[in-house]
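Chemist: Based on the hints, put chains B and C in the right spot on chain A.
Residue numbers (our numbering), protein chains in the order written: chain A, 1 to 110; chain B, 1001 to 1127; chain C, 2001 to 2257.
Take every hint as true, because none was put in to throw you off.
Pulled a few chain C residues facing chain A out of the computed Cβ check, cut under 8 Å:
(1) E2205
(2) T2212
(3) W2242
If you are wondering where the hints come from, they were derived from the structure by calculation, not from laboratory data.
The model shown is predicted, which means the values in this text are computed figures rather than measured ones.
Where is the CB? At the ideal position from N, CA and C, for every residue including glycine.
Residue-level listing of the chains:
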Amino acid sequence: MRRSNEPLFWSLFSAGGVVAALLVPVLIVLTGFVVPAEEIRFDRLEDIFTNVLVRLVLFGLAFLAFFHAAHRFRHTLVDMGLKPLALQIAVVCYLAALAGTVWAATVAFR
Amino acid sequence: MARPYPRTTSNTWWLKRWPYRIFILRELSAVFLAAYVVLLLVLVSKVHDGAKAFEDYLDVLQSPLLIAFHVVALLFMLLHTVTFFQAMPKGLPMRRGEELMPPALMIGGNYVAWLMVTVVVAAIFLV
Amino acid sequence: MSDATTTEERITLEVTRYRPEQDERPTSQRYEVPFHKDWVVLDALNYLKDHVDGTLSYRWSCRMGICGSCGMMVNGVPKLTCAAFLRDYRPGPVRVEPLANFPVERDLVIVLDDFMEKLQAVKPWIIRDEERPLSEGEYRQTPEQRAAYEQYSMCINCMLCYAACPVYQNKEEFLGPAVLALAQRYNLDSRDQGRQQRQELVWAEEGIWDCTFVGECSVVCPKHVDPAGAIQQAKVQSMIGWYRSFLMPFGGKSERE
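Isolated chain A, as found in the complex (with noise of 0.2 Å):
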């Protein structure tokens, strides 16, 4: 009996439902509002995100939430009417997270 492979995409969604409402809001805040503001050196920024734990973390967060995304955002297009591409759909979603977890590591192992 072929085993539906959803289990694994929503695994991912649910993850990263959790790293994203825990890490994302203040993030948002420093990187949005504080950093812009000018209130925190360069220096500072580059320390943190040369750091190896910040780098896991970055990278585990970015991976996570792309996944987290491309799940919501699929079954939000199929159930806003768009099920005759769902499959369509899935695969591209998917892959735009594996595109955009590829550049994450990119970035935060630099």
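Modeler: Quick look at chains B and C alone, frame taken from chain A:
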């Protein structure tokens, strides 16, 4: 000669009632999540590129468009956080004997964790 | 049609009519009925049928929220008409339509074959590997074991959840909230050994994975079954089962709890 009237489907079902509209907004928060993570990665790559690149990028971050984006993204992510925490007890009911752990306990626990993470991350950046 | 000497309050109902032998499509007909503060919509419909228009067709039975027969759309929301008080819809008009997402047989009567087929397909009864002989006595269950599935056993098959579910609206193959909640009810029952038999349907795409947790099914459920919660729990179980089958591909035992 029964001739049932076929069921009607609709592509605008989500506009018809308030709970459906909130559902769609909740789901669309994921788009803002992805967009923000992209911007975050751009910021990090500018930092890796050096002080000059970073200074130039600051101009972009200070533009009204990007400030507005971050405001909207923050609102959507708060919507995500609130609805996601609310949903978690539904999928993971904790039962001890006959008693079900009150969902509020798990939801509250999530917010405690959220607060702790927020404080730690803010400290890393600001302290 | 109001009597000039009476100060009786009235309320207007806009009721869907559909007579396949003469109508191309459903239409709306307005009726005026007396308003009583202790009346429910079903009372208004019964008054209507008894005194105003005997040709109206609709389902009802117990009038106390346990049979699940009288589900209809009241002002666009799925409701048991025996539980929808007229006073909450004052001054009206009150729109009464057949339960959404089902074909309409006649007037307010829907065709519920799809639901019935799906219900049977998910085998909502205790399944044993081997039937227990009568001589061994009854199955015993602790209060804890009973509590594990009790909430999901409250379903009265009223189908309000199907009327509220946008996934079911756009994809008829979706098993739907009540059927999935009932599958969960039996999977969680300590007396049941039939989880694997239900899994093929429940863990399929048209089972739990079509659900996007809109959550309206649980909001409209008159018995607080929380089918949305049941489905999310089944997703967690399915996810664990899926990872197990990867990490332990030769461990057949993993399917069997």
